[in-house]
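Chemist: Sequences are here, hints too, so could you generate the full structure?
In case you want the letters, here they are:
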Amino acid sequence: MDLTLKVWRQKDRNSAGQMVTYPIKGISPDMSFLEMLDVLNEDLLLRGEEPIAFDHDCREGICGMCSLFINGRAHGPERGTTTCQLHMRHFADGDTITIEPWRAAAFPVHKDLIVDRSAFDRIQQAGGYISVNTGGVPDANEIPIAKSVADKAFDAATCIQCGACVAACKNGSAILFVSAKVSQLALLPQGQTERYTRVENMVAQMDIEGFGSCTNIGSCAAECPVGISLENIAMLRREFIAAKAASENLP
Amino acid sequence: MNWFTKTFSSTVGRKIVMSVTGLFLCSFLVVHLLGNLQLFRNDGGEAFNLYSDFMAHNGLIRTMEWVLLAGFAFHIYDALVLTRRNQAARPIPYQNNHPEENSSWASRNMGLLGTVILVFLIIHLYNFLIPARFDGLDPVNIDDVEYENLYAEVVYAFKQWWYVLIYVLGMIALAYHLIHGFQSAFQTLGLNHKKYTPFIQMFGYAFSVIVCLAFAAIPLYFFFFV
Amino acid sequence: MVLDSKVPEGPLAEKWDKHKFDIKLVNPANKRKYEIIVVGTGLAGASAAATLAELGYNVKSFCFQDSPRRAHSIAAQGGINAAKNYQNDGDSVYRLFYDTIKGGDYRSREANTYRLAQVSVNIIDQCVAQGVPFAREYGGLLANRSFGGAQVSRTFYARGQTGQQLLLGAYSALNRQIAYGKIKMFPRTEMLDLVIVDGQARGIVVRNLITGAVESHSAHAVILATGGYGNVFFLSTNAMGSNATAAWRAYKKGAFFANPCYTQIHPTCIPVSGEYQSKLTLMSESLRNDGRVWVPKTVETAQRLRKGEIKVSDIAEADRDYYLERKYPAFGNLVPRDVASRNAKQVCDEGRGVGATGLAVFLDFADAIKRDGLNAISQKYGNLFEMYEKITDENPYERPMRIYPAVHYTMGGLWVDYNLMTNVPGLYAAGECNFSDHGANRLGASALMQGLADGYFVIPYTIGDYLARMPATKVSTDHPAFKEAEQAVAAKNSQLLSINGTRTVDDFHKELGHIMWNYCGMARNAEGLTLARKEIRRLRDEFWRDVRVTGVNEELNQTLEKANRVADFLELGELMVEDALHREESCGGHFREEHQTPENEALRDDEHFAYVAAWEFTGVNNEPVLHKEELKFENMKLTQRSYK
Chain D
962 MDLTLKVWRQ KDRNSAGQMV TYPIKGISPD MSFLEMLDVL NEDLLLRGEE
1012 PIAFDHDCRE GICGMCSLFI NGRAHGPERG TTTCQLHMRH FADGDTITIE
1062 PWRAAAFPVH KDLIVDRSAF DRIQQAGGYI SVNTGGVPDA NEIPIAKSVA
1112 DKAFDAATCI QCGACVAACK NGSAILFVSA KVSQLALLPQ GQTERYTRVE
1162 NMVAQMDIEG FGSCTNIGSC AAECPVGISL ENIAMLRREF IAAKAASENL
1212 P
Chain L
4 MNWFTKTFSS TVGRKIVMSV TGLFLCSFLV VHLLGNLQLF RNDGGEAFNL
54 YSDFMAHNGL IRTMEWVLLA GFAFHIYDAL VLTRRNQAAR PIPYQNNHPE
104 ENSSWASRNM GLLGTVILVF LIIHLYNFLI PARFDGLDPV NIDDVEYENL
154 YAEVVYAFKQ WWYVLIYVLG MIALAYHLIH GFQSAFQTLG LNHKKYTPFI
204 QMFGYAFSVI VCLAFAAIPL YFFFFV
Chain C
83 MVLDSKVPEG PLAEKWDKHK FDIKLVNPAN KRKYEIIVVG TGLAGASAAA
133 TLAELGYNVK SFCFQDSPRR AHSIAAQGGI NAAKNYQNDG DSVYRLFYDT
183 IKGGDYRSRE ANTYRLAQVS VNIIDQCVAQ GVPFAREYGG LLANRSFGGA
233 QVSRTFYARG QTGQQLLLGA YSALNRQIAY GKIKMFPRTE MLDLVIVDGQ
283 ARGIVVRNLI TGAVESHSAH AVILATGGYG NVFFLSTNAM GSNATAAWRA
333 YKKGAFFANP CYTQIHPTCI PVSGEYQSKL TLMSESLRND GRVWVPKTVE
383 TAQRLRKGEI KVSDIAEADR DYYLERKYPA FGNLVPRDVA SRNAKQVCDE
433 GRGVGATGLA VFLDFADAIK RDGLNAISQK YGNLFEMYEK ITDENPYERP
483 MRIYPAVHYT MGGLWVDYNL MTNVPGLYAA GECNFSDHGA NRLGASALMQ
533 GLADGYFVIP YTIGDYLARM PATKVSTDHP AFKEAEQAVA AKNSQLLSIN
583 GTRTVDDFHK ELGHIMWNYC GMARNAEGLT LARKEIRRLR DEFWRDVRVT
633 GVNEELNQTL EKANRVADFL ELGELMVEDA LHREESCGGH FREEHQTPEN
683 EALRDDEHFA YVAAWEFTGV NNEPVLHKEE LKFENMKLTQ RSYK
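Residue numbers (my numbering), protein chains in the order written: chain D, 962 to 1212; chain L, 4 to 229; chain C, 83 to 726.
Everything labelled a hint here was simulated from the structure, so no lab data went into it.
Model, not experiment: these values are computed from the prediction.
Be a bit skeptical, because a hint or two may be false.
Using 27 Å as the maximum straight-line C-alpha spacing, the simulated BS3-like pairs for lysine-lysine come out as follows [said to hold, decoys possible]:
1. Lys-162/L - Lys-1108/D
2. Lys-986/D - Lys-644/C
3. Lys-726/C - Lys-184/C
4. Lys-574/C - Lys-972/D
Modeler: See the structure below:
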């Protein structure tokens, strides 16, 4: 396959960037999208040009490191697929492919296609945990959890923190990501003791980071590579309303 | 900030305000429509003029007008605040973007639809409410009592094609606004349930289409049949 | 130098409790005066950092990824073992210990392995308390599955992503301590050197991967939890960034590297499809429960199949060789990982491999589908089949899967004593980074167990014994030792950037991978290993003459990052070969063709090789010095494994 790539190049956080066009030849349809970029980078290196910087690590769809806004879609055109699991057979010979970084004020660009997602970590630090120290915990089977509840919590827990929800959302909202953690812990009996404080603090941090506000468009869930459901967002709001009404936390 | 203002100035809190006011405005639509159905009575506007007189002088209704105004104000204010915030959340747009692959047009254009509705609303108030309240209308006698003839005003307005067009367009915008907004309000309030959500979505769709069709039928009726 | 494992005296089952009582403690008020560096945020690193911070120590935590939650522990699929005996099927701490020692082909330390089995039960409790959503039965209690190398169901799991869920648990504990200010987190920061002051590990030198700044961090102790070195093979199931640099630079500063030749090759991976391939994807071992492994009986048939002259369905039943079932009637397709891998290699070497490259064997579900129905098979393996189809574009319900072994895990690593301290005082190694409790072969679902055991339940105690013996005074990062290390790191970076040769880093890495895979992979022999040693040295020379690294140090420079890692792999590869060459026996993942039974099985030499080989660095291009830690088996009887 011969392709034309239009790739966002940006030297560093403080520089302006632009789209640069690269023709690329001889791509095998069995390559993954990132392997196609590897090929381009090897070419660039041999030509003495700077290779394109992009985030990636496990290349099996679980670490959440890869990103890329491909042809106008977060993680490209295939649903339920991270960029690293996207294969070139989903493109046609002669195609032009645009590749851009996640766009959000809360995700500033470090370089080329690499963005800073540390805002997500800070939101997790605001309350995405159950406060138990190592040791001194009850036996694992002491508290039975209905399978249906455990399964639901699991569904929420599968979030890989890649940021596709923010990238796809017209408003740059991070609520699907935040709600996944809030739901997981709110559903489990272990998470009950801190449920109010957790949702209050995580939502507050989400706002501080400069993410937009959810308007229930649904693009986040549609583009989520692991299928986090919008039900979690509703759950976050229930938790938020309950917390604001019942908690004794004053700002 | 105290806990209250903090709650309602957070992104989630503001959306709650928008959903509550939005649903309240939906209830107003129902009341307004039911009243306006008087226009279809073939009585030369008698029932409608009685109804409008009642609306203009009933204390409860007059009070509710202020609540309604507040509803609009909060709905619009929070929409503005959130829209500005959302624009700031993505300062650099995508060069190539295909949101149509993952969301509906109406859901992404609530601000645009809302603005169209607001413009329509201003025209609508200018047409009917302002003259009725402040300028005084021609009198009409019903059972020897003198009322203001708002009906005549309606007939006059809807004989002009551009008014009809504005009203129909306004109602199309409202329909799309509601198709997303109605069910979205429930999601915002956390009401998402495997059993009830499909019903809410279906009901919301039907509500939006029926209410707006009925409203749009009024100018069309007068233009073509009266 | 005699390696002292510091294994406590006394009966096996009492050693750990006794040890915990005997070691010194740091009192709570003093803990806050000590600073500990933890490098790596996988299961071992994140759990250690969180637990140490909970205890009151000040922790600095480092990872090269953009978030600690992305460490490669996240990719573990199958599960985590624990001797809970929830299934009432006869499991016990002793049985888990026994299975692990035997699975490791009797090349691990008894006391460490027993302790691992002991604390395994606490891990599950801890994870559940953190909100890890393990699979459950309808009654609400935890579910278990069975796994290779064991006759009991003791594996706890979270669908196919146990690693992610466990890591998110540890990550949440880490986050909590970051929020409390007890942990300072440094993401996108790579350790490039260890700093030793007066014989003690007192800090590290790192490179900020965003700005390129080379910085020093001082502490009272350093814990390396930086994972394994499987990427020396270029193609492996490891993440692209997984590297040996931290451990390797510690080795070059005096820490011993133990059993580097012990690598685990996983039999069920998706085969390589072309030269561009960057990574290999594992398919869960559980597939071998129902799939039948085969290749064509004759080379001719295989050739015609590869050329596309015939289709799979054209090959008659009589022309298929179900070689595992034929050779191992008792275990059939369920032989352990090392045996399955070696046999796949053997049939492909004979020219009977399938797929375009001839480096694959079939894993066929046709019989299982006929027997149990499509639905039953899809319920069991649906997600795996889907993943296979996503990558290969072939439907495994209709055509047999093609699989081939791939490098998966490294049992070797930094030598540590019972306290998980290396021979460098104050330098600890946890998780896959140390030479571990798995001997020469790791059993499935044991890596997660070991990572969390080390981090949650071992190092937090044993490190106190070391710290209690040293004053809380700090070493300034202005100390000459730090400055020297910083300069060395900077010099190395400048050197890499100045070569401006003609070959890319990946190009060198791929060539190294080929050498390692061909001569130090599933089967090894003296001739090949000797050749490999020569080849690696040649390649290393060429690397330092002809590599091309673009850009500058003072920026985000992924090529420079890679170059640093590959430079270390080029040295580590040689040590692996050295170790493989010296170990004149076959055991677990290390198979020397010269040492096999008449039935082509691994033949151990317990008389001469029942020891840990710990290598001491003496300079690049110099022979490393071998130190031996004899392995004493007081509780286990050494036997030959047989799966006939």
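Chemist: All the hints need checking, so say for each whether the structure fits it.
Modeler: Now for the hints, and whether the structure bears them out:
no. : hint                   : result
1   : Lys-162/L - Lys-1108/D : 65 Å, violated
2   : Lys-986/D - Lys-644/C  : 25 Å, holds
3   : Lys-726/C - Lys-184/C  : 17 Å, holds
4   : Lys-574/C - Lys-972/D  : 24 Å, holds
Comparing the model with each earlier hint shows a violation of hint 1 alone; every other hint is respected.
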